[in-house]
Amino acid sequence: MRRTGIGVIVSVLLLVGGCVAARDDDPAPDGPPPEPLVALDPFAAAGIRAVRVVPEVDRNLHFDTRADVPPVFAAGGSLVAVTTDREGEVLGVARSADLGRTWRYVDLPGLTASLVRLGLAEAGPLVVATGGTDNDSAWVTGDGQGWRGGPVPTQPGGALLAAAVRQPDGRVVVGTQGSDDARLVVTADGGSTWQVVDCPATFRPAGSPRCEVPRDAGGDLWLRGADVSLDAGRTWKPVTVGTSSVPRVEDAVALPGGGWLGSAVTLTAPTTRTGVLVRSTDGVAWQPVVESPCGAGQGATVSGPRRIGDRWLVTHTCVDADDAPQRSHLYLVDRDGTRGRVLVTVDRPGAWLGAPTAVGDTVVVPEVRREGPVTFLQLRL
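Residues -21 to -1, 1 to 360, numbered by mature numbering (1 follows the signal peptide of the UniProt record, and there is no 0), are exactly what the sequence shown covers, in order.
No lab work stands behind these hints, which were simulated from the structure alone.
Note that the coordinates shown come from a computational prediction; the quantities given were computed from them, not determined experimentally.
C-beta: ideal position from N, C-alpha, C; glycine also.
Wrong hints could be hidden among the right ones.
Stated by the list, open to error - So the derived label-pair ranges between C-beta atoms look like this:
(1) Arg127 - Gly197: 24 to 30 Å
(2) Ala211 - Arg349: 35 to 41 Å
(3) Gly329 - Arg150: 21 to 27 Å
(4) Asp261 - Pro130: 38 to 44 Å
(5) Gly221 - Glu68: 40 to 46 Å
Required output: the full structure, derived from the provided sequences and hints.
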């Protein structure tokens, strides 16, 4: 089954696609009008307006399938994605000033597409892309109007694996792979200087000269799939998620009142992997926040959580035994992460909901299909 995406920091997951794009010298296309076809939950969606925006596909962008969808960030009142051109060869920035209806694309000359495919993460006011055997990095301003590149130190013949952002101090940690050993490289100044440190033995998969970078959930709590560290990687413990076997906590955010809210993958049947929204007070034991609305034998994917004001939004998509998406839901979770309710139900087989992004008073949620252009849901809460 497909894993949850939250993105990935680097990983994950999942976000833009099939978007309208217009080069700076092209007029923005009119596009079709928004389509008010989202089914709202009658018990929870009072006062919510939701429409589906169907962007046109521009010749310069390649946002057509789930595999080609990078994370979308909100910056300066716009949506920004670091992505590639239609041929998948050149790194660039796509920016939408109208909540996903039209996009403008700008090349980043000299930077190859291998960067965005391996690591992408927010780093304060910047978005950083790293990766590949090019051992390079690109630092893009939040409005997508400026960028700079810079080399990342690795061993001779080594490669970068992925990027992770340390919070709250904003350091970026990158895992590397070499022929004989592995290292971590860390920058605290936006890639101007890097510190090379030995990779802890616990970060190395057995028999592999590469270094995994754990996700960080604020301060000293690090996540690495089935394990968690409460002391910034010095010691590790296995996580538990309810009564599930083979749990993995994929992502988490620190809650204002203490504890963490996250997304996890559990094994609910011998071959069924289910994404679930979870909460923990100690970082080790995690409990589901909401009951899965999926039917018997169905799995699920989860994207988020993303903070919207003083609450959290999470998307949840039910998938069948063939990993085909069926019905999706947008959940609103309270400030403390203890209760969640369905805001929007989207009955559209064949489409996953990506992670929500807030631009002003509007929440934008990508609908990503296995094939075909991505559409965007616009919701005013």
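Q) Gly329 and Arg150, beta-carbon distance inside 21 to 27 Å? A) Violated: the Cβ-Cβ distance is about 40 Å, outside 21 to 27 Å.
Q | Distance restraint hint 40 to 46 Å, applied to the beta-carbon atoms of Gly221 and Glu68 | A | Check passed, 45 Å falls within 40 to 46 Å.
**Q.** Pro130 and Asp261 - C-beta distance against the hinted 38 to 44 Å
**A.** holds, 41 Å
Q | Distance restraint hint 35 to 41 Å, applied to the beta-carbon atoms of Ala211 and Arg349 | A | holds, 38 Å
Q. Is the gap between the beta carbons of Arg127 and Gly197 within 24 to 30 Å?
A. Since the Cβ atoms of Arg127 and Gly197 sit about 28 Å apart, the hinted range of 24 to 30 Å holds.
Figure legend: structure checked against the earlier numbered hints; the only hint not met is number 3.
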